[in-house]
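Undergrad: Given chain Y's structure and the hints, the job is docking chain E onto it.
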Amino acid sequence: MDKINFMLAGVGGQGTLLAGNILADVGLAAGYDAKKSEVHGMAQRGGSVTTHVRWGPRVDAPMAGKGEIDILVGFEQLEALRYVEYLRPGGKALLSTHKIPPVAVTSGGAIYPDEARFKGIVEQVTQDYLLVPAVEIARELGNARVHNVVLLGALSCWLDVPAAIWLEVIERHVPAKVLELNRSAFARGREFGTQNH
Amino acid sequence: MKRLLSGNEAIAYGAWEAGVVVGSAYPGTPSTEILEAFAPMPDVYAEWATNEKVAMDVAIGAAYAGRRALTCMKHVGLNVAADSFFYASMTGVEAGLVVVSADDPQMHSSQNEQDNRRYAKFARVPCLEPSDSQEAKDMVGAALDMSEEFDTPVMLRITTRIAHSHGPVELGERRPRPPRVDKYPRNFTKYVMLPQNARPRHPVLEQRIALLAGFAENFPYNRVEMGDRRLGIVTCGVSYAYAREVFPDASILRLGMTYPLPRQLISDFAAQVERLIVLEELDPFLEEEIVLQGITCEGKSIFPVAGEFDPQVVREAAIQAGLLPAEQRVVPAEPAKGELPPRPPVLCPGCPHRGVFYVMKKLKLPVQGDIGCYTLGGMPPLNCIDTCGCMGAGIGVAHGADKAGDAERHIAVIGDSTFFHTGMPALLNTVYNRGKSITVIMDNRVTAMTGHQENPGTGLTLQGQPAPQVELEPLVRALGVPAVSTVDAYDLRAVDAAFKAALAREEPAAIITRRACVLLPEARRQSRPLRVNREKCIACWTCSRIGCPALRRSDEVYAKTGRAKSDIDPLLCTGCEVCAQVCSQDAILFRAQLADS
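Top line first, the protein sequences correspond to chains Y and E.
For the first sequence, the numbering used here begins at 1 and goes up steadily by one.
For the second sequence, the numbering used here begins at 1001 and goes up steadily by one.
Don't take each hint at face value.
[What the hints assert, rightly or not] Calculated cross-link-like contacts (lysine-lysine; reagent style DSSO-like; alpha-carbon spacing at most 30 Å): (1) E:Lys1121 x E:Lys1190; (2) E:Lys1403 x E:Lys1436; (3) E:Lys1362 x E:Lys1403; (4) E:Lys1121 x E:Lys1002; (5) E:Lys1364 x E:Lys1500; (6) Y:Lys119 x Y:Lys92; (7) Y:Lys119 x Y:Lys99; (8) E:Lys1002 x Y:Lys177; (9) Y:Lys119 x E:Lys1337; (10) E:Lys1337 x Y:Lys66; (11) E:Lys1403 x E:Lys1361; (12) E:Lys1002 x Y:Lys3; (13) Y:Lys66 x Y:Lys119; (14) E:Lys1300 x Y:Lys66; (15) E:Lys1403 x E:Lys1500; (16) E:Lys1337 x Y:Lys99; (17) Y:Lys99 x E:Lys1536; (18) Y:Lys66 x Y:Lys3; (19) E:Lys1500 x E:Lys1362; (20) E:Lys1337 x Y:Lys92; (21) E:Lys1300 x E:Lys1361.
Calculated directly from the structure, the hints in this document are not laboratory data.
Okay, chain Y solo, but in the shape it has when bound (with noise of 0.2 Å):
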């Protein structure tokens, strides 16, 4: 059984929390052993915000240290950046296209990191990393705020875990109202994944 680290990177109020309660059942569901660790802090007012998932046949310490992720997932391009070192080098990265610009750019005057400094910076550590527009399909299903399931439908492509397992887990938590929503969420995602190898 493989150990694999994962980390979550993303802003305040983007669902991050939810996507990592999803990957840890799913590695239990799965006959893993996982923990998740995060960090609350004050991180509804549009923080940075990091979750560690980590699955393996004995999990001991919550949370994996620089260097030592597997698997990153950016949900928004500039948290991705600024935790890309936390990716093994030669990793893999699942990275959302979503921006969201800090206070520090949209009122301060600072540049936010156009497509090729994104790339110049990220290829730095891995050539092995996929690009979702996962905001742009969300939309397309009619709801913005389901990208963090269509980021994990893609990251199931990387994962050896059949996708009755991640909807079943799905189903637990989301609320019935919103759940084929979220079930078409994940199978574009994985569809994307899919075909984007």
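TA: Chain E in isolation, oriented as in the chain Y frame:
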């Protein structure tokens, strides 16, 4: 079936399973979720108290009445509750009392990091430390049993990485228990700590700790895991997990009870290993005890005293100390990133505090801050807070500077919940001691920063019962403040007028800036995004000085200066109209104007 639970959730289940009937706490990261998870459980009473000291008194009262009780707080919360913690240790209890201290190494959401195991030793209270969520649950029951067997409160000490990490937990059934007394105790010598009664209790405490030290030798959560004898590691809490991760072959003594220590178990372990190290975050608490026993060990000479650990921090320190071969070093990439724009937490779009800080900033007076969402008024570009130490400090600090003869007129800002917590005595002090500082109570009708908990101003209890709502203005008048005004926090003119009136008089003043937190359901329902009239905008960027995340630069340029005109993100803007009031050109449409255009 195992469920993935956070340490906090697990503690709530543990309390419920072990028959706890009363839980009282004050919100504080990383402890808040314990009582939130406990409150909806069947057959329990759970409350948000006004502060941690009151919370602890409440739990003590329940324990005196023979029912098992729980109180929870963050590390600095125990500073507030310390007086009660000490007397509870002196008197003992009738039924089990567990005190959860959730420390925050790395200060993810705190003004300091402090090692509250020291309080346990200081007060002669046993301390248990779980290493994962399952133990967090199971140790609550163990703590309560210990509390009753030895007649002592028991500290259950966790840290952020236990509180907010999730792991699989096996749940059990509730084991309810009848009250341990038929009648509330009338035991004068045990419970009334007059000196004549307190004096004989001190030796009782010392003896109790000696008995507990004997008990610790066989306590099942103190566990030896022998491996390679070249290295022996004494560890506790989440550090145990890092020890297993980074030193998979070493011999480990995992202490689940970190005060008092099992001296024999420790010496036996030390004798069996070649090199003995202590792996613990923050203070050399275990290390000092082991050294006191006359055993050589290394702790803070290897591992940091400040900040939290993670497997990398531990591994790197171990390699430097020659405990691990250099080949095991994990070398992260070092990408050249240049300066990435920072993303600190900021006041939400529509936050009612924003406009008040903008007005205050123009006064150029010193502002003593306090703990809550409004502390973020100190962040750029508002930069309007000069000091902030702990809950309820600002008002006293302002008064102290005033009485020291500082030439400037002092302002203190405090939130509604913080005011109820410790602000009231401070304001009373300002009035009673003839101060003249100005106190701004930022009343957003909820305990916001910790996740929107109820408080005496909200009209609801933690368990959803209707509650009397304290009215701040009459309360402040009753404290004797001669000049009190309540203004709508969104109305900058009214806020400004209130400050001008307060500054005109050499007497203490209170300004209550009132407006519900914009994240509350009622406020959310009323959100409506505003718009910039590009034709009127001259790109002066005055609006950007309020630092609202919903304001941004458009791609349209003002020809005369070449600067970008302003724009409002309709997904973020709530329509508070603070930017519209600040705009020098009336270029931002007010809500009333949106209907017309």
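Undergrad: Next, verify each hint and record whether it holds.
TA: Tested hints:
{"no.": "1", "hint": "E:Lys1121 x E:Lys1190", "result": "holds (21 Å)"}
{"no.": "2", "hint": "E:Lys1403 x E:Lys1436", "result": "holds (9 Å)"}
{"no.": "3", "hint": "E:Lys1362 x E:Lys1403", "result": "holds (24 Å)"}
{"no.": "4", "hint": "E:Lys1121 x E:Lys1002", "result": "violated (35 Å)"}
{"no.": "5", "hint": "E:Lys1364 x E:Lys1500", "result": "holds (13 Å)"}
{"no.": "6", "hint": "Y:Lys119 x Y:Lys92", "result": "holds (14 Å)"}
{"no.": "7", "hint": "Y:Lys119 x Y:Lys99", "result": "holds (14 Å)"}
{"no.": "8", "hint": "E:Lys1002 x Y:Lys177", "result": "holds (27 Å)"}
{"no.": "9", "hint": "Y:Lys119 x E:Lys1337", "result": "holds (11 Å)"}
{"no.": "10", "hint": "E:Lys1337 x Y:Lys66", "result": "holds (16 Å)"}
{"no.": "11", "hint": "E:Lys1403 x E:Lys1361", "result": "holds (23 Å)"}
{"no.": "12", "hint": "E:Lys1002 x Y:Lys3", "result": "holds (20 Å)"}
{"no.": "13", "hint": "Y:Lys66 x Y:Lys119", "result": "holds (20 Å)"}
{"no.": "14", "hint": "E:Lys1300 x Y:Lys66", "result": "holds (22 Å)"}
{"no.": "15", "hint": "E:Lys1403 x E:Lys1500", "result": "holds (22 Å)"}
{"no.": "16", "hint": "E:Lys1337 x Y:Lys99", "result": "holds (17 Å)"}
{"no.": "17", "hint": "Y:Lys99 x E:Lys1536", "result": "holds (28 Å)"}
{"no.": "18", "hint": "Y:Lys66 x Y:Lys3", "result": "holds (16 Å)"}
{"no.": "19", "hint": "E:Lys1500 x E:Lys1362", "result": "holds (12 Å)"}
{"no.": "20", "hint": "E:Lys1337 x Y:Lys92", "result": "holds (19 Å)"}
{"no.": "21", "hint": "E:Lys1300 x E:Lys1361", "result": "violated (44 Å)"}
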